[in-house]
Structure formats: C-alpha cells, structure tokens
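Make the full structure from the sequences, and use the hints.
Residue numbers (our numbering), protein chains in the order written: chain A, 30 to 474; chain B, 30 to 474.
Please note that the accuracy of each hint is not assured.
[What the hints assert, rightly or not] Some chain A residues flagged as far from chain B (calculated, every beta-carbon gap over 12 Å):
{"hint": "1", "residue": "R72"}
{"hint": "2", "residue": "D140"}
{"hint": "3", "residue": "G175"}
{"hint": "4", "residue": "L234"}
{"hint": "5", "residue": "K236"}
{"hint": "6", "residue": "T295"}
{"hint": "7", "residue": "F316"}
{"hint": "8", "residue": "P340"}
{"hint": "9", "residue": "P359"}
{"hint": "10", "residue": "K374"}
{"hint": "11", "residue": "K400"}
{"hint": "12", "residue": "E458"}
{"hint": "13", "residue": "V472"}
[Said to hold, decoys possible] With a Cα cut of at most 30 Å, we get these calculated DSS-like pairs of lysine-lysine:
{"hint": "14", "chain 1": "B", "residue 1": "K353", "chain 2": "A", "residue 2": "K259"}
{"hint": "15", "chain 1": "B", "residue 1": "K122", "chain 2": "B", "residue 2": "K259"}
{"hint": "16", "chain 1": "A", "residue 1": "K323", "chain 2": "B", "residue 2": "K400"}
{"hint": "17", "chain 1": "B", "residue 1": "K373", "chain 2": "A", "residue 2": "K398"}
{"hint": "18", "chain 1": "A", "residue 1": "K328", "chain 2": "B", "residue 2": "K373"}
{"hint": "19", "chain 1": "A", "residue 1": "K323", "chain 2": "B", "residue 2": "K259"}
{"hint": "20", "chain 1": "A", "residue 1": "K328", "chain 2": "B", "residue 2": "K328"}
{"hint": "21", "chain 1": "B", "residue 1": "K323", "chain 2": "A", "residue 2": "K400"}
{"hint": "22", "chain 1": "B", "residue 1": "K398", "chain 2": "A", "residue 2": "K323"}
{"hint": "23", "chain 1": "A", "residue 1": "K172", "chain 2": "A", "residue 2": "K395"}
{"hint": "24", "chain 1": "A", "residue 1": "K355", "chain 2": "A", "residue 2": "K166"}
{"hint": "25", "chain 1": "B", "residue 1": "K395", "chain 2": "B", "residue 2": "K449"}
{"hint": "26", "chain 1": "B", "residue 1": "K328", "chain 2": "A", "residue 2": "K236"}
{"hint": "27", "chain 1": "A", "residue 1": "K236", "chain 2": "B", "residue 2": "K236"}
{"hint": "28", "chain 1": "B", "residue 1": "K398", "chain 2": "B", "residue 2": "K373"}
{"hint": "29", "chain 1": "A", "residue 1": "K236", "chain 2": "B", "residue 2": "K449"}
{"hint": "30", "chain 1": "A", "residue 1": "K259", "chain 2": "B", "residue 2": "K328"}
{"hint": "31", "chain 1": "B", "residue 1": "K166", "chain 2": "B", "residue 2": "K460"}
{"hint": "32", "chain 1": "B", "residue 1": "K122", "chain 2": "B", "residue 2": "K145"}
{"hint": "33", "chain 1": "A", "residue 1": "K353", "chain 2": "B", "residue 2": "K236"}
{"hint": "34", "chain 1": "B", "residue 1": "K323", "chain 2": "A", "residue 2": "K236"}
{"hint": "35", "chain 1": "B", "residue 1": "K323", "chain 2": "A", "residue 2": "K259"}
{"hint": "36", "chain 1": "A", "residue 1": "K328", "chain 2": "A", "residue 2": "K395"}
{"hint": "37", "chain 1": "B", "residue 1": "K328", "chain 2": "B", "residue 2": "K373"}
{"hint": "38", "chain 1": "A", "residue 1": "K395", "chain 2": "A", "residue 2": "K166"}
{"hint": "39", "chain 1": "B", "residue 1": "K259", "chain 2": "A", "residue 2": "K355"}
{"hint": "40", "chain 1": "A", "residue 1": "K323", "chain 2": "B", "residue 2": "K323"}
These are computed hints drawn from the structure, not numbers from a lab. Positions of the beta carbon are idealized from the N, C-alpha and C atoms, including for glycine.
2 protein chains.
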Amino acid sequence: MVSSILVLGAGRSSSSLISYLEEESQKFNWSVTVGDVSFAAARSLAVGNDKAIQFDIRDVENSRKAIRSADVVISMIPAHLHVQVAALCLQEKKHLLTASYVSDEMKSFDDQAREKNLLFLNECGLDPGIDHMSAMKMIDIIKEEGGVLHSFESFTGGLIAPETDRENPWRYKFTWNPRNVVMAGQGTSKFLQEGQYKYIPYQQLFKRFTPISIPEYGEYEGYANRDSLKYIETYGLHGIQTMLRGTLRFNGFCAAWDIFVQLGCTDDSYAMEGVGRMTHRDFIDTFLDRNSGKSLEEKLLRQFHLQPDGPEMQRLTWSGFFEKEKIGLPQGTPAQILEHILNKKWNLHPDDKDLVVMWHRFVYEKKGKEKEIQSTLVARGENRVHTAMAKTVGFPLAIAAKLLLQGKIKERGVVIPTMKEIYQPVLQELKSLGIELREREVVAN
Amino acid sequence: MVSSILVLGAGRSSSSLISYLEEESQKFNWSVTVGDVSFAAARSLAVGNDKAIQFDIRDVENSRKAIRSADVVISMIPAHLHVQVAALCLQEKKHLLTASYVSDEMKSFDDQAREKNLLFLNECGLDPGIDHMSAMKMIDIIKEEGGVLHSFESFTGGLIAPETDRENPWRYKFTWNPRNVVMAGQGTSKFLQEGQYKYIPYQQLFKRFTPISIPEYGEYEGYANRDSLKYIETYGLHGIQTMLRGTLRFNGFCAAWDIFVQLGCTDDSYAMEGVGRMTHRDFIDTFLDRNSGKSLEEKLLRQFHLQPDGPEMQRLTWSGFFEKEKIGLPQGTPAQILEHILNKKWNLHPDDKDLVVMWHRFVYEKKGKEKEIQSTLVARGENRVHTAMAKTVGFPLAIAAKLLLQGKIKERGVVIPTMKEIYQPVLQELKSLGIELREREVVAN
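In structure tokens form, the structure reads like this:
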C-alpha cells in the first residue's frame, strides 16, 4: 500500500519540508499532498508528483476527508489551529507532527492518542526542535559518562547572513511568520538562574538580554524565551541550577526593538482609529506624549533618552518610521501595522541569504571537576525560498515522518523529540544534510 | 405590595449603600435583602430589618430564587460576574443596577432588557458614576447656553485624608477592592488629545501622568483610565478635541507604583514557585537581574536609576518590601502576593479617614471666546466602614434604586446615567447628603 503524507500549510517554513518529502517519496513510493487555505500557495510549493489541495480547518468535513486519506499529517498552519487538526487526527486515527509548542489542549489528547496507538509529535522543528534534540544528545552523554549537569543555556535565532543586505542595521529580516516575530516575547518569561526562579515580564524582556559571544561568528544578544522551567522535567534535569532557553539576535537589536515594545506598537488587542490616513510618522507619534517635544524625533529622543545618531534611531530611520509615507492599510491593530511597515524593508529579496544560529552551553561536574561544553550550529540559506529557516524547521519534521512510516519510532502519545529513539536518527540524517552542531570544550582560565 | 431590593455583595463598597436603603425602607415600606458568598459578611452589613442570605452566583438555582423574590437587584459582586446576574435578571424580569463598566456581554442584553421593560443601569457609582452625571450636567448646561465644548478632562481618586496615617508616604490605602487596585491600568489606555488619538500601554501608563493642581487640595497626578474614546459618543461630544478620563493619586505615587509594573509584580497570569518559603525581599529579588548588583537594594537602584533615599525607595521601604518577613501565603500569582504584602500596611485602621477627590476641566467656546470651568468634589470618610468611597459608590446606586421604585425613571435597557432624568435627581439628593461638585470659572491669564 502506498503511504500517504498530508502537509498542511504552505507558508515560509514549508518549502524544504515539501522538497525533501517529494524526493524521498520517489524512493519509498509515498504520495505527498500539500494543503493550504490558499490553493495557489499549496500549488506553488507542491513539486513533482505532489498533489495540491485547498485546505481550510474551519471547513470541518472537507478537512476530515483530507485527513482521512493520509497516514501521517504534518501541520504547519498557525499554532493555535493545531488543536482542531489534532481532534480530527484522533477521530480518523492518524499520526500528527508539528513544529509548535505543546499547548495545554494538545497535551490533553495524550491519553487518547496512546490508546489509539498514535504519535502526536510536537516541537520537532528548529526551536523548538533541533534545540531539544541536540540538547538531549549532550545531556544523555554527560549522564552516561557520570557527569552531573549544573547549568543549561540555549539560544537560537533566525538572522541574515553577513554578506546579505549589508546596510540593514538590524541584521534581521522576516524568515518565518512575521506575525510571530512582532508578537515574540509577550507574556512572562520564566527560567532558573543559579538556583533562583526568575521571571521577566514583557516590558523588561528586551532590556534584560544576555551577551553571547560565538567564536568565528561574532557578538549576539539572547533574550529569555517563554517558560524554560517546564523543560527541567522534560529533559530530566531535576536539581539543575540554571535552565534558560532564549532567542538570539545580532548586537543592538534588543535595545531598538524595545522602543516598539515600550511604545505599545506590538499590541494586538485593539484596532487603531484612522489607520487609512496615517503615515509611518503618525503611527509612532500616536504612542508618544504630546507635550514631550515639538517634533516626533524630539519626543522619541527625550522619552527614551536616545542619541540622535545612536543605534536605535539609526534602525528606526532605516526602517522608514520617520517617513511621511502612507502606511497602506485600511485598518489594523498596532501589531498588524508594525508588521506591515517593517515588511517593506524586512521582506527577503531574491538574493538574500538567511542564517540560523543555535548555541548551547552545558556546565557540568565530572569526577569533582567543573566542565563546560558549548555547541554551535550555523546554517545558511540558499535563497529566499529555501532558507536556512525552512530547512532547519522542515527537515526534522520530514525525517521524523519518514522514520514513523518506516516503523522506526515506537513512541506514542503527545510527545516532543527528547527520546533517543527519535533524536538519534533525526540528528544523524540532519548531519548528512549539512545541519550539525559542533561541540567544543571550554577550558576555564 | 412591599417593594423588595436585593443587594448582592457585602464588600468594602456596600456599607453606605445598605445603610441608606435601610433608612429609606422604613419610610417607603421596602424590604432589603443582603446576599454575599459569605453569610457572615452579609449578616455584618445587614442592619435594622434587613434580611441577610448566603448568595453564590455559581449556585444558579438558589441565585434564581433570591432574584425572583426581588423587584430591583443591585449587584456589587466582582464585575466579571455581573453578566450571570444579568442573565437571571432577564429571565426573572428584574431591574439591575451596578457600579461597574458595561462589558460587551452586558451591552448585548440591551434589546432583551428593553423588550421586557427592564432597566439595566450600570456605571452608577463614583467613577464610573458621579463622574458621568456631573460631567453630563455641565455638558448639557454648556450646550444649552450655546457653547461648544473643545476639551473634557476628568480625574477621580480614592485617597486618604491628610490627617490620616501621616507617615504613610504613598498617601494611599485600600478603600475599595484591593485586587482592582493592584490590577489597575492593565491593557491599553485610549484617549483623544488636541485632535490626536493617543494610546498608552500599561508599561508607559505610570510614567505618563498629568500633573493636576487643585486649589486648597494640593498637587496630584492623574493617569489615563481605560477607553476614554467611547464616551465621546456616549456624552454626545462628536468633534471634541480632547477627551480624557483618568485616575488621581497624590504626588509621587505613580513613579513608585511603576516599579511594581516594570518588575512584573502586578502579573496575574501565572502561579509563582516556592511562595511558601519566600520573604518580602525574595519576592522583589525574583524579578531582578541577578547580575545587576550584590544586594537587592543595589540591583533595584541600578536597574531603575533610583536614589537610595529617593521617594520611590522610601515608599518601598515603608511598605516592608526590604524586610526578611515571610509573605505568609502558601501560593499565589505575583499580583496576589503584591496585594497581600501591600495589605499589611494599606489596610484601613479604625481611625483612618479616606478622601475621595474628583476633578473635571471643561474648555469650551461661547460667543467666540474660550472659557474654562473646573469642577471639584472632595468627600471625606467617617471611619473604616463608612468611607468616602463607600458613600460615593453606594449612594448613587441607592438613590437610583429609589427613583426606579418610585416610577421616576422611565429609561429602559442597558444604560449608564448620562440622561437628565437620572442624573438630575441623583445629583440633587447627593448634594443633600453632602456630596457635591463645586464649579469655578478659570479666567485665562
């Protein structure tokens, strides 16, 4: 019987996933179907013998039909919709793979998925995904060698390559869902630092970054990412002193992004008034104290204690926020408008190459001595479609789907890829695709 | 037939409401019933012939019975529960009065309430309440005299009297629901300033206050309150240039409170770890960057650019945040813990007197000339039970209930007290109770 894979969502992160599946499908005689709300989007990513369909999870009966004819479903649609896909997968008895964080609702399907002998594998992309797998590989090695891990820190970022877009002071462009970039960090970040629980609210997040220096790759900033605490249990690290997962950006990004956060430009909770008539300048001015200065620039400088030619103003200027250009949207929330303005300059050009950087630091004790290992992954994109982001998010899912169809994954229920059965073969094949973490021992001075 | 009034909720703001109703009930032969989740709380506020009952809105059938036997229901329970009360009032065909903001759900009952000839009067306490009524009175006068209002600003605060608790640097204590004080300002504040829409996110709110000087009463700070924009329509002020409603605090309050906001101490979205073992110092330390200093004090000073003996540190010190005292809660969100610590010093003492201050400024044009009127209300509490807060929140509701039972309010549906039929008799009776706004014309220099 021909095995059938259904890929839902033909966005920025699906290209390499689909290409890989198509290539493998010829070897293994699989059929691959690509579904998206936009049939055109599905069509544009479907290659070779792939089938493209229109797929809208709000249309339950057609969604059910599409899922029924698959063996494995890979969902790349927005994370909050995975629960509806999962419910159908349960009813139709299909495996489900995603690159998204496990929500409480997803977690609640665990028992039923086990009962029905189904794998609901989540957090199997880049971050979350390769970070879990590469971390668990080192953690298992350290344990097997009798070491005790005291500290784990991990930062990942989707950036742009040094040779790309050289005048862009942010050193950043949209390589994944722009909405998620704009909303990143909302809520409270939780982690453990030298035995102390730490909580960083959104309003402090981009002020409280960690400087990270990666040999050969330069200086970065890492800000804490969501709830690191829950991975203490997931990784089996009871008693660890420091546990911190975060997001990596080039130097200077956080201070400039913090201006948007402080102004309220990333708020998605209300529709602004008069958007149709608004210019980029008006948008920023709306969030500033009318009495704090004469010009928009003066107000910003005063309110945030900035230098006129400082790095924050340089980034805002480059992004066009001081232009009298119309925004070009009829309506929107602050977050939607911010995304729209940023996208005018942060949209990938055909010759842009992106760069994914992942960095872990493990500090552990072995035979009474403290040791430190740092692991680094650097992946470079080919072009605006086959980005490093698309490859590092898509390949782990594709490989996991293959292993599952080959009967090589016995795990069932709602899980993330922390078990050797999954991470070992996935990391091994990623290596053959040029995606690899390099470890080096750091000797204390 | 004896008219029957049911008061739900026997919290801090219900005392004067219930006393007033009891006094009037003897004149008008009403029966008054006080219901609360805690029967003891209901019992303690029920006076004279009042009946006390246990009332829990989660127990739908007993709630229905209690509501069925009333003619008018006055709901003082937490605002998010009003919708459930309203649904029962609709089914049982009873009028409903509250001092809370009209939620979208409450608004959606408008048609049904009208159809059933019911009044669902909301925002009929102090703020919202007396502020609406006193504003509409002036707005109607200005209009009737041919004036055109350009600017309306209104600030109200529940403070403590100058002679009370003189060493308390905050000049503030809990005189209404402490939880609402701790959570105040979350979300985005929206207003109109000189023709420009303005939005202030929570993280800027306590930095962006307006200095307000009230003759004879000193210097205050006003921070913007929720959505002022929606009252442009409600007040009939289409074309107005400035529309701002806000909250009043004594000088220095906002900068100190902002420390809590910035740290994340007012976050109610997650339960903290290890609360049982935590001291006041630990609580604050949890939100600070571990690497920013040696002591808790040093970290705070550095992170927020404070002076060791400055007004912010003085307030935090007075409130005991640097004490090694156990918090005394087994668990809690940051907001719950903050409330608990603050309450150790901000709980009203028997001899404390509170102070309610309301201030409006109207700028309008009449016969080609710009004019300005400021109105001020100052009300002083009698003691810790019959506070100025309880009187100014409760009396308007009680008076409205009386007018309704007397057939003097014809208005029906979900409304707020902006119509003359309601505000005129309510303000008139409030005046006889010593609660009155005094207007003065301000002549430009």
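Here is how each hint holds up against the structure:
1. R72: Check passes; 40 Å lies beyond 12 Å.
2. D140: holds, 24 Å
3. G175: Non-interface label stands for G175/A: nearest chain B Cβ at 29 Å, farther than 12 Å.
4. L234: violated, 10 Å
5. K236: Check fails; 8 Å does not lie beyond 12 Å.
6. T295: T295/A is in fact no farther than 12 Å from some Cβ atom of chain B, at 9 Å.
7. F316: It is violated; F316/A is separated from chain B by about 6 Å at its closest Cβ, not greater than 12 Å.
8. P340: Fine: 20 Å to the nearest Cβ keeps P340/A off the interface.
9. P359: Correct as stated: the minimum Cβ-Cβ distance to chain B is 16 Å, above 12 Å.
10. K374: holds, 24 Å
11. K400: K400/A clear of chain B: closest Cβ-Cβ about 22 Å, beyond 12 Å.
12. E458: The claim stands: E458/A keeps its Cβ more than 12 Å from every Cβ of chain B (closest is about 38 Å).
13. V472: holds, 23 Å
14. K353/B / K259/A: Cα-Cα ~29 Å, so holds.
15. K122/B / K259/B: Holds. K122/B to K259/B sits at ~29 Å (cutoff 30 Å).
16. K323/A / K400/B: The hint holds at about 26 Å.
17. K373/B / K398/A: Given that 30 Å is the threshold and the Cα spacing comes to 47 Å, the pair is violated.
18. K328/A / K373/B: violated, 40 Å
19. K323/A / K259/B: Answer holds: K323/A to K259/B is near 28 Å, not above 30 Å.
20. K328/A / K328/B: holds, 29 Å
21. K323/B / K400/A: holds, 26 Å
22. K398/B / K323/A: Given pair K398/B, K323/A holds - Cα atoms ~27 Å apart, limit 30 Å.
23. K172/A / K395/A: holds, 9 Å
24. K355/A / K166/A: Not OK: K355/A and K166/A at ~51 Å, beyond 30 Å, violated.
25. K395/B / K449/B: OK: K395/B and K449/B at ~22 Å, within 30 Å.
26. K328/B / K236/A: Answer holds: K328/B to K236/A is near 14 Å, not above 30 Å.
27. K236/A / K236/B: Judged against 30 Å, a Cα distance of about 17 Å means the pair holds.
28. K398/B / K373/B: violated, 52 Å
29. K236/A / K449/B: violated, 51 Å
30. K259/A / K328/B: Distance ~27 Å between K259/A and K328/B Cα, so the pair holds.
31. K166/B / K460/B: Holds. K166/B to K460/B sits at ~14 Å (cutoff 30 Å).
32. K122/B / K145/B: holds, 7 Å
33. K353/A / K236/B: OK: K353/A and K236/B at ~28 Å, within 30 Å.
34. K323/B / K236/A: holds, 19 Å
35. K323/B / K259/A: holds, 28 Å
36. K328/A / K395/A: violated, 55 Å
37. K328/B / K373/B: holds, 24 Å
38. K395/A / K166/A: holds, 17 Å
39. K259/B / K355/A: Holds. K259/B to K355/A sits at ~26 Å (cutoff 30 Å).
40. K323/A / K323/B: violated, 41 Å
Against the hints set out earlier in the document, violations occur for numbers 4, 5, 6, 7, 17, 18, 24, 28, 29, 36 and 40.
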